[in-house]
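**Q** Sequence:
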Amino acid sequence: MEQRRSLILAVAREEFLAQGGYAGARIQAVADAAGVTSALIYKHFESKEVLFEEAIMAPLHELLAARIEEVRTLPPDPTGTAQRESTRRFMRTLLRTFAESVPALGVILFGERDVARRFYGAHFRPLIDAAVEASKANLSRWPHRDFDLETAISAAFGAAFWTALDLSMRGGMPDQLDLPALDAQADRLADLLIDGISAPPRPHE
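Residues are numbered in our numbering as their position in the sequence shown, beginning at 1, plus a constant of 38.
Hints listed in this document are in silico derivations from the structure and should not be mistaken for laboratory results.
Any given hint might turn out to be false.
[Claimed, not checked] Label pairs and their computed distance ranges (CB to CB): (1) GLY73 with PRO114: 52 to 58 Å; (2) ASP229 with GLU171: 19 to 25 Å; (3) THR111 with ALA48: 40 to 46 Å; (4) GLU171 with GLU40: 29 to 35 Å; (5) ASP152 with ASP213: 27 to 33 Å; (6) GLU84 with ASP229: 20 to 26 Å.
The model shown is predicted, which means the values in this text are computed figures rather than measured ones.
Yeah, the Cβ is synthetic: ideal placement off N, Cα and C, and Gly gets one too.
Start from the sequences and build out the full structure, keeping to the hints where you can.
**A** Shown next as structure tokens:
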């Protein structure tokens, strides 16, 4: 049962991404590719919207939850080195997941306003809030300037999403991503954030 459900999710993710999002994807196409009936899909997922959320958003939530927990549990870091590396890993995960799913996400987020607001409130805002809360727990462990934490976290999400969107608009395909280049870009974004809020060097350094 669980294996079949996982297969449906994998096939549905491919269909949603291939069709550029929610509207163009067809449940019957998912059923045909998975070798099941559409009735069976609706037995596992009560609606197309639920299937979309689990196929596209659940992997993003799972990956980011692990990175957010890592931020929460960083050890004391007087040099800021661990914070920089953790931020790089977070940005790599964020940029990769956005780059893989932005064709589908963009259709919803730039589509009908009420649908977009509901989707954003259900899926993106909770991730930002969780990252803010985790970072609050870690603020006293590394040297930094006074800064607005929510602005910094929102900037991280915004930079990763827009970088992924730009890549997609210039022809980048989710199944043809240059992951080393993507990770290098994520590292540069992370360094911009960290360098902007890190404590200035002491006079003798």
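**Q** If you test the structure against every hint from before, which numbers come out violated?
**A** When the structure is compared with the hints, numbers 3, 6 turn out to be violated.
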